[in-house]
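Given the structure of chain A, go ahead and fit chain B onto it with the hints provided.
Chain order of the listed sequences is A and B. In terms of the numbering used here, the first sequence has 108 at position 103, counting the first letter as 1, and numbering is strictly consecutive. In terms of the numbering used here, the second sequence has 382 at position 271, counting the first letter as 1, and numbering is strictly consecutive.
Derived by calculation from the structure, the hints in this document are not laboratory data. It is possible that part of the hints are untrue.
To be verified - FRET-style restraints, in silico, Cβ to Cβ:
| no. | chain 1 | residue 1 | chain 2 | residue 2 | range |
| --- | --- | --- | --- | --- | --- |
| 1 | A | Arg-125 | B | His-142 | 44 to 50 Å |
| 2 | A | Ala-103 | B | Lys-191 | 37 to 43 Å |
| 3 | B | Gln-253 | A | Gln-39 | 50 to 56 Å |
To be verified - Among the chain B residues that face chain A by a calculated CB cut under 7 Å, a handful are:
| no. | residue |
| --- | --- |
| 4 | Glu-134 |
| 5 | Thr-298 |
| 6 | Pro-306 |
| 7 | Asn-376 |
Even glycine gets a Cβ: it sits at the ideal position worked out from N, Cα and C.
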Amino acid sequence: MGWPRKTGHRALITRDDALGCTPVKNRHVRESHQESGEIVVHYPVAVHPWVARLVRFLGKEAAAPRDGKLQLDALGTAVWDMIDGERSLRRIVAAFAASHQLEPREAEIAVTQFVRELGRRGLVGLH
Amino acid sequence: MNPANVKEIAWNGIRFVAPAAWEPGRIGLRHLVIESEAGPAMEIKWGPVKGRFSPRAHLRRLSRLMRARGAALREWAPPKDWLQALARFESAGFAWEAGGEAAVGAILHCPACRTASLIQFFQPPGRSGAVRQAAAVLASLQDHRGDGRVAWAIYDILALLPSGFVLVRHLFEAGRFFLEFRARRRTIGLFRWAPAATLLRDRDLSCFAETVAGLNGMEFQASAVADPSAVEGRERAAGSGRRLASYLGLRPVRTARIWHVPDRNRILGIVVTGRFAIDPALMETVWGGYGLAQENRPPGAHHPR
Numbered sequence: 006m007g008w009p010r011k012t013g014h015r016a017l018i019t020r021d022d023a024l025g026c027t028p029v030k031n032r033h034v035r036e037s038h039q040e041s042g043e044i045v046v047h048y049p050v051a052v053h054p055w056v057a058r059l060v061r062f063l064g065k066e067a068a069a070p071r072d073g074k075l076q077l078d079a080l081g082t083a084v085w086d087m088i089d090g091e092r093s094l095r096r097i098v099a100a101f102a103a104s105h106q107l108e109p110r111e112a113e114i115a116v117t118q119f120v121r122e123l124g125r126r127g128l129v130g131l132h
Numbered sequence: 112m113n114p115a116n117v118k119e120i121a122w123n124g125i126r127f128v129a130p131a132a133w134e135p136g137r138i139g140l141r142h143l144v145i146e147s148e149a150g151p152a153m154e155i156k157w158g159p160v161k162g163r164f165s166p167r168a169h170l171r172r173l174s175r176l177m178r179a180r181g182a183a184l185r186e187w188a189p190p191k192d193w194l195q196a197l198a199r200f201e202s203a204g205f206a207w208e209a210g211g212e213a214a215v216g217a218i219l220h221c222p223a224c225r226t227a228s229l230i231q232f233f234q235p236p237g238r239s240g241a242v243r244q245a246a247a248v249l250a251s252l253q254d255h256r257g258d259g260r261v262a263w264a265i266y267d268i269l270a271l272l273p274s275g276f277v278l279v280r281h282l283f284e285a286g287r288f289f290l291e292f293r294a295r296r297r298t299i300g301l302f303r304w305a306p307a308a309t310l311l312r313d314r315d316l317s318c319f320a321e322t323v324a325g326l327n328g329m330e331f332q333a334s335a336v337a338d339p340s341a342v343e344g345r346e347r348a349a350g351s352g353r354r355l356a357s358y359l360g361l362r363p364v365r366t367a368r369i370w371h372v373p374d375r376n377r378i379l380g381i382v383v384t385g386r387f388a389i390d391p392a393l394m395e396t397v398w399g400g401y402g403l404a405q406e407n408r409p410p411g412a413h414h415p416r
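If we strip away everything but chain A, and leave its shape as in the complex, we get (with noise of 0.2 Å):
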């Protein structure tokens, strides 16, 4: 929304929309809780296809894939112990603003970055 553009550049998605989906954690992905409550997350990496192609091509066997790890702060470990594949991200943003006194938006743009990095990494998908 604003001034109408020479081109149509549309969203592909409305925030509104975002914000109604359901983060749910990939089935692969284990959690190990350390002594100061942070999570570290343990997630398998698979070897870049063409890294795999190259491998094959020289005769050997394909790597296994290697355990990726991330580590998560207090304020991202709140907001994973929330991801529980039934609520969506606005009630997420909901919770994590209330439990931290946070503005709605800031609260907003502090879960959606999180989400969307844990989405590239593939530990989330959206539903």
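Below, chain B without anything else, positioned relative to chain A:
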């Protein structure tokens, strides 16, 4: 609008009262897009004008621009409550539609401070109430203050700064807000961090100021002037060469005050930078005008301290 359901937004000379659910979405130096849950609700742009200004002539130019973009902008006769709200401005109303988008608005000119503003309220088909809510926003719209000072109220922070300080930089990131103002050779930086409980979990306020806040090179101690939860920062005592450089104005001098607001889970900070020794009265003036907005505060209740 019920005073409990509104909030004040003040940015670079412009002030208005908006529904509490509306939040700034895009923030420019002289440009704001305010969003509701459903999407953008309002946009305002403003700036000083020199010489004559005719809202109608400007509207004709805008209409030509919009036609080039395939939209139809037409002159629009605002309802009576808009006209009452805008009585102190020279104004021309407009409306446009393009695809699934539509808006009504007005080009305004304040003869007192010679500021021109363009304000529009978005009302896509199927969404109603924009015109009614707009009247209340317009009735509260101000583009200058009588005392020459500039008020700032955005998200949860508000500030009232001495005249002459101009906004040069702003940053609104999750957890960190920063505004920088400059007047001649002095700079004021206003900071707000959240959530304080997490940021101060394994460090005290002085350590936070020196590390996370990026104020390294300064030493902090409990404030003797401000409340006990504040720390004051001064440049670390350095060699005679540095002291001489500061004395000659070759090296900037900083003074800082950082304080914790536990009941709001926030940390606020002020950093004043100058080329020579900084007048302590400036820090006290800025501190007196900088704080957190009260939740559900009535419009006009601006001075935090």
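Which hint numbers doesn't this structure obey? The structure breaks hints 1, 5; every other hint is satisfied.
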